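Please arrange chain B on chain A, whose structure you already have, making use of the hints.
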Amino acid sequence: MGDWEWPLILFTVLGQIAVGIILMLWWLDRSRDHLNTKLFKQGVNVSGILLALALLASLFHLGHPEAAYRALAHLGSSWLSREILLFLLTFLAWIYLFWQSRQQAISRILESGATPITTSEIAAGVQQTDNRSLGLGITSVLGLLGIASSAMIYVLPRVPAWNNVGPVLFFLLTTGLLGALCTLVLGTKLLQPVQKNLLLKWSLGCTILSLLLYVVYGSLLSGSAEGSLTLSFLLNSPLFWARALLGWLAPLLLLVSLLRNSQVEKPNLILIVTLLVCLGEVLGRALFYLSAVGIHINALF
Amino acid sequence: MSKQLGFLHNSEKCVGCRGCEMACKNEYQTDATPQWRKVFQLNEDAFSLPTRMFFSMACNHCAHPECLRVCPVEAYTKRDDGIVIHDPNRCIGCRLCTMACPYDRPQFNPAKKKVEKCNLCYQRIDKGEKPACVAACIPGALELVEINDSLDQKTGVLKTLPGLPSPKITTPSIRFIGPKQGKQIRRD
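Protein sequences, first through last, are from chains A and B.
Quick note: the first sequence, position 166, residue 166 per my numbering, numbers continuous.
Quick note: the second sequence, position 166, residue 166 per my numbering, numbers continuous.
Here chain A stands alone, though its shape is the one from the complex:
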């Protein structure tokens, strides 16, 4: 069985939330000018902080964090090298986004002035929106590739429970789910009702998909001796049932209730769902590491 890998749990979950927020902002920005400038700025700031914390947390996993830069040395075959490169590129793209968000803030100040808007100012605004969308797109794609690389690190022939498409799907689902919920929390007062509805439906879809995938994943685990041990560990662990209750069942019911009464604003309920899903995903990620059983020498010693 594995260990509580706190640095890795924090790195993966925080990194996935950060990328998820950017991804949702990009999605909301698909029809130009529908993304509130203030939400864009807040989203970029929060995702940047989370990304920085994630990268910082990842260092604590290393025996020698001061030499972490060397991890870029083996891009040819190591998914860990690729992950680090892609996350650094994501961070660089985020810096561009941050700069964009500052520009947007300046333009908003100009727009609020009493002077009439000239044609050149409108053209500059359109250009800024295009740049914003491009920045969000590039950061999202790099971030998603980074997350896929994170997952591929664990696709090891030695660990049957990981040696499948499961890690990639789970990591991407966490990104989509927590990204949408955190964007909902950030945009409580800034999102349009249609956008809130879309994000709630997306969150519900991700939760259902996550639950169904886990059922399929669990049923496939019994195909090997090590996989069966993983399954047995999960089913006998109170943490797993806490994860199921807090991360799947409760959010599922609350999200359905929120969607049924979507006309009524319930920011506190959205916050509760987000916190529950965060806790569920952290427990889920802890179980991911704890329940890993590798093929090993089965002998006395």
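Check each hint, because a few of them may be wrong.
[What the hints assert, rightly or not] Short, incomplete list of chain A residues facing chain B, as computed with Cβ under 8 Å:
{"#": "1", "residue": "ASN45"}
{"#": "2", "residue": "GLY48"}
{"#": "3", "residue": "ILE49"}
{"#": "4", "residue": "ALA67"}
{"#": "5", "residue": "ALA71"}
{"#": "6", "residue": "ALA73"}
{"#": "7", "residue": "HIS74"}
{"#": "8", "residue": "LEU190"}
{"#": "9", "residue": "PRO193"}
{"#": "10", "residue": "GLN195"}
{"#": "11", "residue": "ASN261"}
{"#": "12", "residue": "SER262"}
{"#": "13", "residue": "ASN298"}
[As the list claims (entries may be wrong)] Far from chain B, some chain A residues (derived; all Cβ distances over 12 Å):
{"#": "14", "residue": "TRP4"}
{"#": "15", "residue": "GLY63"}
{"#": "16", "residue": "GLN103"}
{"#": "17", "residue": "LEU249"}
{"#": "18", "residue": "ILE295"}
Simulated from the structure, these hints should not be mistaken for lab results.
Only a predicted model underlies this, so the values are computations on that prediction, with no experimental measurement involved.
Glycine residues also receive a C-beta, built at the ideal position from the N, C-alpha and C atoms.
This is chain B only, laid out in the frame that chain A set:
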């Protein structure tokens, strides 16, 4: 890679004295926790007749080493003679190789916060000497051999033993000579 060096372990000769373990520790003065070489006893019911059998295992210098594939800092290299060398100066202690090796042979040293493993005494081999474990094996159960088809075609040479991970994962460079069934008489 022109050839592949590896180990041939003869279970008929091995008495489980752990002299190879000690020779390895003496040669490199390693800390207490990591064990580059380890002697295992197979489960007694692994064969059709009860069998008391030992095997000694260090890094298997696999033909397709997972440690080398996953290492992000290129701490692992494979020499022309097939020896997989781990360079502790490059290691950053990410422990990914310890997760990837089905034989648990790269081991994390908590004191140095780095991974260590057997480098098949390449410096001794380069001088024409035997690895420390092979040189110390009193019954001559452990040999340094070249892993090739002619070795695999010899009668009694096995690629794996019961209880060992499938050799398909990493193609380990170790061969075994298994116990002769029915030879042992036990009085428990």
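Which numbered conditions among the earlier hints are violated in the structure presented, ordered from lowest to highest? 1, 2, 3, 8, 9, 10, 11, 12, 15, 18
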